[in-house]
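For reference, the chains in residue letters:
Number of protein chains: 2
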Amino acid sequence: MKINDCSYTTIWMHPDDPGCVQVIDQRKLPFEFKILNLRSVEEAYFAIHDMAVRGAPLIGITAAYGIYLSLYNYLGHQPLQEYLVRQADFLKLARPTAVNLAYIVDKMAEMLSGFEDAEMAKNEALRLAEQFKQEDIDACEQIGKNGLALIEEIYERKGGMPVNILTHCNAGWLACIDWGTATAPIFMAHKKDIPLHIWVDETRPRNQGARLTAWELLQEGISHSVIPDNTGGYLMQHDMVDLVIVGSDRTALNGDVANKIGTYLKALAAQDNKVPFYVALPSSSIDFEMKDGLKEMPIEERDAEEVRYVEGWDGKRIKSLLLMPEKSPVANYGFDVTPARLVTGLITERGICEASKEGILHLFPEREQ
Amino acid sequence: MKINDCSYTTIWMHPDDPGCVQVIDQRKLPFEFKILNLRSVEEAYFAIHDMAVRGAPLIGITAAYGIYLSLYNYLGHQPLQEYLVRQADFLKLARPTAVNLAYIVDKMAEMLSGFEDAEMAKNEALRLAEQFKQEDIDACEQIGKNGLALIEEIYERKGGMPVNILTHCNAGWLACIDWGTATAPIFMAHKKDIPLHIWVDETRPRNQGARLTAWELLQEGISHSVIPDNTGGYLMQHDMVDLVIVGSDRTALNGDVANKIGTYLKALAAQDNKVPFYVALPSSSIDFEMKDGLKEMPIEERDAEEVRYVEGWDGKRIKSLLLMPEKSPVANYGFDVTPARLVTGLITERGICEASKEGILHLFPEREQ
Numbered sequence: 089m090k091i092n093d094c095s096y097t098t099i100w101m102h103p104d105d106p107g108c109v110q111v112i113d114q115r116k117l118p119f120e121f122k123i124l125n126l127r128s129v130e131e132a133y134f135a136i137h138d139m140a141v142r143g144a145p146l147i148g149i150t151a152a153y154g155i156y157l158s159l160y161n162y163l164g165h166q167p168l169q170e171y172l173v174r175q176a177d178f179l180k181l182a183r184p185t186a187v188n189l190a191y192i193v194d195k196m197a198e199m200l201s202g203f204e205d206a207e208m209a210k211n212e213a214l215r216l217a218e219q220f221k222q223e224d225i226d227a228c229e230q231i232g233k234n235g236l237a238l239i240e241e242i243y244e245r246k247g248g249m250p251v252n253i254l255t256h257c258n259a260g261w262l263a264c265i266d267w268g269t270a271t272a273p274i275f276m277a278h279k280k281d282i283p284l285h286i287w288v289d290e291t292r293p294r295n296q297g298a299r300l301t302a303w304e305l306l307q308e309g310i311s312h313s314v315i316p317d318n319t320g321g322y323l324m325q326h327d328m329v330d331l332v333i334v335g336s337d338r339t340a341l342n343g344d345v346a347n348k349i350g351t352y353l354k355a356l357a358a359q360d361n362k363v364p365f366y367v368a369l370p371s372s373s374i375d376f377e378m379k380d381g382l383k384e385m386p387i388e389e390r391d392a393e394e395v396r397y398v399e400g401w402d403g404k405r406i407k408s409l410l411l412m413p414e415k416s417p418v419a420n421y422g423f424d425v426t427p428a429r430l431v432t433g434l435i436t437e438r439g440i441c442e443a444s445k446e447g448i449l450h451l452f453p454e455r456e457q
Numbered sequence: 089m090k091i092n093d094c095s096y097t098t099i100w101m102h103p104d105d106p107g108c109v110q111v112i113d114q115r116k117l118p119f120e121f122k123i124l125n126l127r128s129v130e131e132a133y134f135a136i137h138d139m140a141v142r143g144a145p146l147i148g149i150t151a152a153y154g155i156y157l158s159l160y161n162y163l164g165h166q167p168l169q170e171y172l173v174r175q176a177d178f179l180k181l182a183r184p185t186a187v188n189l190a191y192i193v194d195k196m197a198e199m200l201s202g203f204e205d206a207e208m209a210k211n212e213a214l215r216l217a218e219q220f221k222q223e224d225i226d227a228c229e230q231i232g233k234n235g236l237a238l239i240e241e242i243y244e245r246k247g248g249m250p251v252n253i254l255t256h257c258n259a260g261w262l263a264c265i266d267w268g269t270a271t272a273p274i275f276m277a278h279k280k281d282i283p284l285h286i287w288v289d290e291t292r293p294r295n296q297g298a299r300l301t302a303w304e305l306l307q308e309g310i311s312h313s314v315i316p317d318n319t320g321g322y323l324m325q326h327d328m329v330d331l332v333i334v335g336s337d338r339t340a341l342n343g344d345v346a347n348k349i350g351t352y353l354k355a356l357a358a359q360d361n362k363v364p365f366y367v368a369l370p371s372s373s374i375d376f377e378m379k380d381g382l383k384e385m386p387i388e389e390r391d392a393e394e395v396r397y398v399e400g401w402d403g404k405r406i407k408s409l410l411l412m413p414e415k416s417p418v419a420n421y422g423f424d425v426t427p428a429r430l431v432t433g434l435i436t437e438r439g440i441c442e443a444s445k446e447g448i449l450h451l452f453p454e455r456e457q
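Keeping their order, the protein sequence lines are chains E and D.
Using this note's numbering, the first residue of the first sequence is number 89, and each one after it goes up by one.
Using this note's numbering, the first residue of the second sequence is number 89, and each one after it goes up by one.
Bound-form chain E, shown alone:
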């Protein structure tokens, strides 16, 4: 998508240096646009762990490039396959809730398990990372096309009035490679000149909505308002939301959706006000092994400092301020689980389905066991 009218993706190979992968440092957005160089598996790990890159799909692709970087830097001090398994295990620890991370790392390790030659393994790792990257772009584009139909339907029903869409956190192209998941239908509708207004939850504590989603929409020239996370219920009570679209970090086979903390509250408000609530996700974030999301989903508890301090721009640089009494304890759960009963449908790259085992397996019959 566009940044200052140039097209970008969120991750790419350095044009002149095969030992360097480049990403947008999302911790500095929207205040500064900086590129981060990743030259080792450790740098890939920390880019994920410290959220320079974030969003389930981008985390996965970054890990794939991380495997490539580990092979690029392989010195031969231990057997290749043993080394590879160790690097893969290391990468998987960077963010526990993101299923894409484990999924892609395991898949890479498996596909590289036959290699004995380090050079060939390295080349294959790069080829795979680039392939996963393209697959993600294609999946997001397909999600966009599938979700567009919902927006077009509302637009027609409203007789040409703007379609009001609420979204939580950033499931935008910055969370993926291009297009995004929750934002893909929005970008597609905008390209088709459907008038839109997007309600952007600021998404405490890290403010990814205010910082990233708002910035994406601004760069594409899409009408939007940033709102405190507390506001969505009011808007829905007053008929100011036609559709909610959020992303997902991990969706269980029964249709329960783990997403940024607070998603569940918006789903409750949507149900109470009969607003359709859709989750846009690539099938790589469906955990086909997890039967019951509410019961089984591991929830990351994050650093108290994320809540206690807030980051923002003082006009010259990014700074941090204390928000509460220094001695007050804090609880910081990263995600919540929205039960499938509150989800109108899942927008996947294969189509839209009901948030249920039946719905999911109808679209992905090859995953039936």
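Please note that the accuracy of each hint is not assured.
Listing some non-contacts, in silico: residues in chain D with all C-beta distances to chain E over 10 Å [to be verified]: (1) 97; (2) 116; (3) 122; (4) 134; (5) 223; (6) 241; (7) 282; (8) 380; (9) 447; (10) 449.
Cross-link-like lysine-lysine pairs, in silico, BS3-like; alpha carbons within 25 Å at most [as the list claims (entries may be wrong)]: (11) E:415 x D:90; (12) E:415 x D:279; (13) E:404 x D:415; (14) D:407 x E:404; (15) D:180 x D:383; (16) E:415 x D:280; (17) E:383 x D:246; (18) E:415 x D:407.
These are computed hints drawn from the structure, not numbers from a lab.
Just so it is clear, the structure is predicted and the values come from calculations on it, not from any experiment.
Here a beta-carbon is modelled for each residue, glycine too, at the ideal position from N, C-alpha and C.
Given chain E, work out where chain D should sit, using these hints.
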């Protein structure tokens, strides 16, 4: 209640200067403890408007002292009663949603309408302000005693385990004169040595929970955690909340409750997880004329800058940081309305009642028309 182990109320007459009313400047808490001197009706207006004082009951009492200050500064350039009506109308504009403000100002004006002598009117205004102040303290104490019964019941049922209470915004003693409304049962339970843990919603965009409620609890030594507003649903899903108590800026006769934006979302989560949801309020914030809160409640739309920038402490002073792209628009609704069907009960100074016309009029039969 206590500040650094000394007892305070939120508003009092200057001990040596009858032309000066003193309040705690709540805009600087919890980082600085500063006293603000109010010497005119304009200073009272701006203290309310700029939220140096906030919370329905305190706004009302500050306005009462504002009427007194207007009479203290009366120069006789226009007829006394005409002057008084003009000052009262001016004060009522400071915050449109707070029903206490209009209620107390109108009551003052009415009770002073028989006076022709400015000196006598001034003395009577002071007497009335002090009386309203004492009535508010008494009402909060009574709310505390009535709400305490709910906490004791849960404490017994849990066999001595800590009682977990979630609250939104600051309906603490800083919003009143002493005790608070939502916090009064908490302070009473703590004085009775019932173990508690309070989940404090930070309450964006002004962070009154993180800044004020957390500070109140810290000063009284009550166990608590500050949480992003997004967190309550997760906590309730995981049985980590036994009771929700919030305050109210204005409650309609049908039991619909206007309170800080986001309250409605917590009420939905409470209902979905069978957590009792109580609203603590003095009867002065019940609007007996308003038949249907959802339809009739006026909602204050506040300045975008409150959302766009955030205030905090940089270690030396209170500063402000930009949170989003400078060009992104913002929507900032101050309150939402929680429909009566989501409210387990109203805790008033006369007792606990159902959130309905029948429940309210059963406790306040003299208001039946």
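Tested hints:
no.: 1; hint: 97; in the structure: holds, 21 Å
no.: 2; hint: 116; in the structure: holds, 13 Å
no.: 3; hint: 122; in the structure: holds, 16 Å
no.: 4; hint: 134; in the structure: holds, 24 Å
no.: 5; hint: 223; in the structure: holds, 31 Å
no.: 6; hint: 241; in the structure: holds, 25 Å
no.: 7; hint: 282; in the structure: holds, 19 Å
no.: 8; hint: 380; in the structure: holds, 13 Å
no.: 9; hint: 447; in the structure: holds, 22 Å
no.: 10; hint: 449; in the structure: holds, 26 Å
no.: 11; hint: E:415 x D:90; in the structure: holds, 17 Å
no.: 12; hint: E:415 x D:279; in the structure: holds, 21 Å
no.: 13; hint: E:404 x D:415; in the structure: holds, 17 Å
no.: 14; hint: D:407 x E:404; in the structure: holds, 14 Å
no.: 15; hint: D:180 x D:383; in the structure: holds, 22 Å
no.: 16; hint: E:415 x D:280; in the structure: holds, 24 Å
no.: 17; hint: E:383 x D:246; in the structure: holds, 23 Å
no.: 18; hint: E:415 x D:407; in the structure: holds, 19 Å
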